[in-house]
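Participant: Letter by letter, the chains look like this.
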Amino acid sequence: MLWASCGGGTPSKEPDIASPAPAQHGGLAIRISPERAAQVQADDTISAVQKRALEDAELTFAEYESAVLEAAECIRASGGEVTLELNVRGRYKYITSYPAERNDVGQAVSDCIRDHLSVLEQLWAEVTAVPEHEVEAAMEEMRSCLVQRDFFDPPTSGKQEDFRLYIRTLNSRGEFTEERMGEYLECARQVEDKWGLSYFAPITTR
Amino acid sequence: MLLAVGIVAALATALPVAANSVQSTTGGCTGVGHSYILTSSWSFTETDASDFGGCGYVFSQGTFIIGGNAYQIGPGWGTGPLQGVDVFENVSSVSGVHNLCNAGGPCGSSNPWGTSD
Chain F
1 MLWASCGGGT PSKEPDIASP APAQHGGLAI RISPERAAQV QADDTISAVQ KRALEDAELT
61 FAEYESAVLE AAECIRASGG EVTLELNVRG RYKYITSYPA ERNDVGQAVS DCIRDHLSVL
121 EQLWAEVTAV PEHEVEAAME EMRSCLVQRD FFDPPTSGKQ EDFRLYIRTL NSRGEFTEER
181 MGEYLECARQ VEDKWGLSYF APITTR
Chain C
1 MLLAVGIVAA LATALPVAAN SVQSTTGGCT GVGHSYILTS SWSFTETDAS DFGGCGYVFS
61 QGTFIIGGNA YQIGPGWGTG PLQGVDVFEN VSSVSGVHNL CNAGGPCGSS NPWGTSD
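Keeping their order, the protein sequence lines are chains F and C.
Under the working numbering, think of the first position of the first sequence as 1, with each following residue one higher.
Under the working numbering, think of the first position of the second sequence as 1, with each following residue one higher.
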């Protein structure tokens, strides 16, 4: 059993992930305090399905994955679509879509997530959070990748948000052509995949 | 220093064509959320939330209208104090729902807002 832990450390060039292969995420789990477990059980807004998963004050990867797949099934049965990607840390990235004029489907999609996943997703986000020193190392790689592609002076701070400011600046200067955007996306997706960052790369339907 | 000045100057000229923000406090945790549509040769859109203090993390969801379809990202795209999602598309509407989550406890109430152009 690999219990989640937080902490600092020196910047590394590789993610500190004990089990990068998706098949091995089975050892991941998060234990919640008895107080928090009691709080969940007493909360009328939390679905019975999610309460059952937390009855033993522990959330395992199998329980989390089962919740994600059930939510996805519910979304598809409601007329929506969903794409799922499991990252190296054992967290799913999901994007749902539906016809914009179908507010009823949109509501059903939100209900599916609320009923099957919302509380468990919050807990799982904690267990799979990327340590700060690894974020810094990932951003260093992002910078290097952009420099290799002749982007002018990408951020050196090691902070994700500064890359978001950076692309906004490029956009405001009219320097974010389709080609440059593609190059930026390539670097961002590569870094996101390697380090298991959540939603670092900009979203595009292309 | 020059770079910082440059970024500030650039941001000053990159005002969103549509934006909205909401600041909220829940259980001693204060934060703010934004939704932007920035348009140049490409639409550039984001929704984000920042923790001003006292929060465990923010837990957000964004919905973007692209070509007649609604794309919902999240809820939950991270556990840090400042979270955002950027979209490189021609987005006609964006809205975000951002939960401010108290440290070690459940999230507070949701604070929805939206913007469109």
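Derived by calculation from the structure, the hints in this document are not laboratory data.
We put the CB at the ideal spot given by N, CA and C, even for glycine.
Where hints are given, some of them may not hold.
To be verified - Examples of chain F residues lying across from chain C (beta carbon under 7 Å, computed):
hint : residue
1    : 96
2    : 97
3    : 121
4    : 189
5    : 203
Participant: If a hint holds in the structure, say so; if it does not, say that too.
Facilitator: Tested hints:
1. Interface restraint check: residue 96(F) against chain C, minimum CB-CB distance 5 Å, threshold 7 Å, status holds.
2. Against a cut-off of 7 Å between C-beta atoms, the interface hint on residue 97(F) holds, since the closest Cβ of chain C lies about 5 Å away.
3. Hint on residue 121(F) holds. Least Cβ distance to chain C is approximately 5 Å, under the 7 Å limit.
4. Interface hint status for residue 189(F): violated, as the beta-carbon distance to the closest one in chain C is roughly 12 Å, over 7 Å.
5. With a cut of 7 Å, the hint placing residue 203(F) at the interface with chain C holds, because the nearest CB-to-CB distance is about 5 Å.
The structure is inconsistent with hint 4 alone, although it conforms to all the rest.
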